[in-house]
Amino acid sequence: DAKTTQPTSMDCAEGRAANLPCNHSTISGNEYVYWYRQIHSQGPQYIIHGLKNNETNEMASLIITEDRKSSTLILPHATLRDTAVYYCIVRVAGAQKLVFGQGTRLTINP
Amino acid sequence: DVKVTQSSRYLVKRTGEKVFLECVQDMDHENMFWYRQDPGLGLRLIYFSYDVKMKEKGDIPEGYSVSREKKERFSLILESASTNQTSMYLCASRGGGDGQETQYFGPGTRLLVL
Numbered sequence: 001d002a003k004t005t006q007p008t009s010m011d012c013a014e015g016r017a018a019n020l021p022c023n024h025s026t027i028s029g030n031e032y033v034y035w036y037r038q039i040h041s042q043g044p045q046y047i048i049h050g051l052k053n054n055e056t057n058e059m060a061s062l063i064i065t066e067d068r069k070s071s072t073l074i075l076p077h078a079t080l081r082d083t084a085v086y087y088c089i090v091r092v093a094g095a096q097k098l099v100f101g102q103g104t105r106l107t108i109n110p
Numbered sequence: 001d002v003k004v005t006q007s008s009r010y011l012v013k014r015t016g017e018k019v020f021l022e023c024v025q026d027m028d029h030e031n032m033f034w035y036r037q038d039p040g041l042g043l044r045l046i047y048f049s050y051d052v053k054m055k056e057k058g059d060i061p062e063g064y065s066v067s068r069e070k071k072e073r074f075s076l077i078l079e080s081a082s083t084n085q086t087s088m089y090l091c092a093s094r095g096g097g098d099g100q101e102t103q104y105f106g107p108g109t110r111l112l113v114l
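Here the protein sequences line up with chains A and B, keeping their order. Just so we're aligned: 72 in my numbering is position 72 of the first sequence, and the numbers increase by one with no gaps anywhere. Just so we're aligned: 4 in my numbering is position 4 of the second sequence, and the numbers increase by one with no gaps anywhere.
Same shape as in the complex, but just chain A (with noise of 0.2 angstroms):
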């Protein structure tokens, strides 16, 4: 599985848009993007994925580049209770397992 950079933390205001960045330079044609989150003691929730459409659902928006080097997760309005550890995952169609980096601690400010 391609390796992902993501910023150690973040901060964003209640009710902004919270923008949360992924690079994954060496990515391959048949790795999926994954966006998974983990508010403390809790379990990994699945937000998102996409291969190279940008895609979006009731949690979240990714946004993926052309050339699939990088992505965005986009939480429109973000609320106190996004605050959590986002993780960017790229993986294999058919792969087991899901490999964590360190992901991005996301803190949402009143």
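Just so you know, the hints here were simulated from the structure itself, not pulled from any lab data. Keep in mind the model is a prediction, meaning the values are calculated, not measured.
Pairs of lysine to aspartate or glutamate residues, derived as DMTMM-like cross-links and limited to a Cα-Cα distance of at most 20 angstroms, are as follows:
{"#": "1", "chain 1": "A", "residue 1": "K97", "chain 2": "B", "residue 2": "E62"}
{"#": "2", "chain 1": "A", "residue 1": "K97", "chain 2": "B", "residue 2": "D59"}
{"#": "3", "chain 1": "A", "residue 1": "K97", "chain 2": "B", "residue 2": "D28"}
{"#": "4", "chain 1": "B", "residue 1": "K70", "chain 2": "B", "residue 2": "D51"}
With chain A held as given, fit chain B onto it using these hints.
Using the frame of chain A, we list chain B on its own:
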């Protein structure tokens, strides 16, 4: 919504005890996983199962065994608990085939071995 449940949120055991961690999923998923999570080490795969009675070793299987007698249930067994098995244990499940790749996690069991 996919639901993955784990039998305990917190568990305290003594060295040498046999420990059972249970995981149940309600989405008829073929694949189930056990990870442990430790500070600075991320999630590490212990075992996974791709069907009933089938199991495969992950990256750190030593000291652990698993059981999958029914599709919805995947158990992790610590035959003789040791202090270095103090950790957060996470169960996950995933469907099979295209479009079913997402792993869904349970709430985790925080195990303390004294």
